[in-house]
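K.L.:
So the sequence lines, in the order shown, correspond to chains A and B.
Following the numbering used here, the numbering of the first sequence begins with 51 at its first residue and continues without gaps.
Following the numbering used here, the numbering of the second sequence begins with 4 at its first residue and continues without gaps.
Mixed in with the good hints, there may be bad ones.
Said to hold, decoys possible - Listed below are several chain B residues computed to face chain A (Cβ distance under 7 Å; list not exhaustive):
1. S36
2. H41
3. F90
4. F99
5. F103
The hints are simulated quantities; they were obtained by calculation from the structure and are not laboratory data.
We put the beta carbon where it would ideally sit given N, CA and C, even for glycine.
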Amino acid sequence: DAGVTQSPTHLIKTRGQQVTLRCSPKSGHDTVSWYQQALGQGPQFIFQYYEEEERQRGNFPDRFSGHQFPNYSSELNVNALLLGDSALYLCASSRSLTSGGYEQYFGPGTRLTVT
Amino acid sequence: GQSLEQPSEVTAVEGAIVQINCTYQTSGFYGLSWYQQHDGGAPTFLSYNALDGLEETGRFSSFLSRSDSYGYLLLQELQMKDSASYFCAVREAGGFKTIFGAGTRLFVKA
Numbered sequence: 051d052a053g054v055t056q057s058p059t060h061l062i063k064t065r066g067q068q069v070t071l072r073c074s075p076k077s078g079h080d081t082v083s084w085y086q087q088a089l090g091q092g093p094q095f096i097f098q099y100y101e102e103e104e105r106q107r108g109n110f111p112d113r114f115s116g117h118q119f120p121n122y123s124s125e126l127n128v129n130a131l132l133l134g135d136s137a138l139y140l141c142a143s144s145r146s147l148t149s150g151g152y153e154q155y156f157g158p159g160t161r162l163t164v165t
Numbered sequence: 004g005q006s007l008e009q010p011s012e013v014t015a016v017e018g019a020i021v022q023i024n025c026t027y028q029t030s031g032f033y034g035l036s037w038y039q040q041h042d043g044g045a046p047t048f049l050s051y052n053a054l055d056g057l058e059e060t061g062r063f064s065s066f067l068s069r070s071d072s073y074g075y076l077l078l079q080e081l082q083m084k085d086s087a088s089y090f091c092a093v094r095e096a097g098g099f100k101t102i103f104g105a106g107t108r109l110f111v112k113a
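Using the sequences and the hints, build the whole thing.
P.N.:
What follows is the structure, encoded as structure tokens:
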């Protein structure tokens, strides 16, 4: 059973550019959440997708947007990249009907470096 | 706002028992979760407390006291492979946002 997969593993971009990160959830999971994790910090909630809709958003600017596809996979897009966007971006999947989806399965992350 | 406080570092010896505390300030949440993250790896779910009390999963146990706004993760029979960062997390009541603490880095020494 494949777990959560993310691509690419690493990415280097220049300030002002745009980036798209991809995530495939664990089999049987229908909910995808995206997190930003700075070095030495806990993951920060960006947003969550369910039934192809963003159903909650964290304290991130509109430069961060996303999408969920009918097969439950998801994309995170970041526009007008800033140096401060350099971080590990984690995707987590869960099943919405399982005790409120508290158990999240994380992918290996995408390490984004903005220069 | 919501916040979770954890010690930044804890050091213990192999075979010992260690407790990682998590205190929180939140208006409401569904339960307290714990995750483990090794350097360069993804967070891995360890345990969840929906109700007050102790939950045991092998060498790991987790405790929650809502009246004290406090929880902890207990690791027994420590092994070198337990050296990692440990995060407590809550999902806000009435929503879907999960808030993580800053993490506790556990060093296990021989």
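K.L.:
Run every hint past the structure and note whether it holds.
P.N.:
We went through each hint and held it up to the structure:
1. S36: 6 Å, holds
2. H41: 11 Å, violated
3. F90: Constraint on F90/B satisfied, holds at 5 Å.
4. F99: Cβ of F99/B sits 4 Å from chain A, so the hint holds.
5. F103: 3 Å, holds
Checked against the numbered hints given earlier, the structure breaks only hint 2 and satisfies all the rest.
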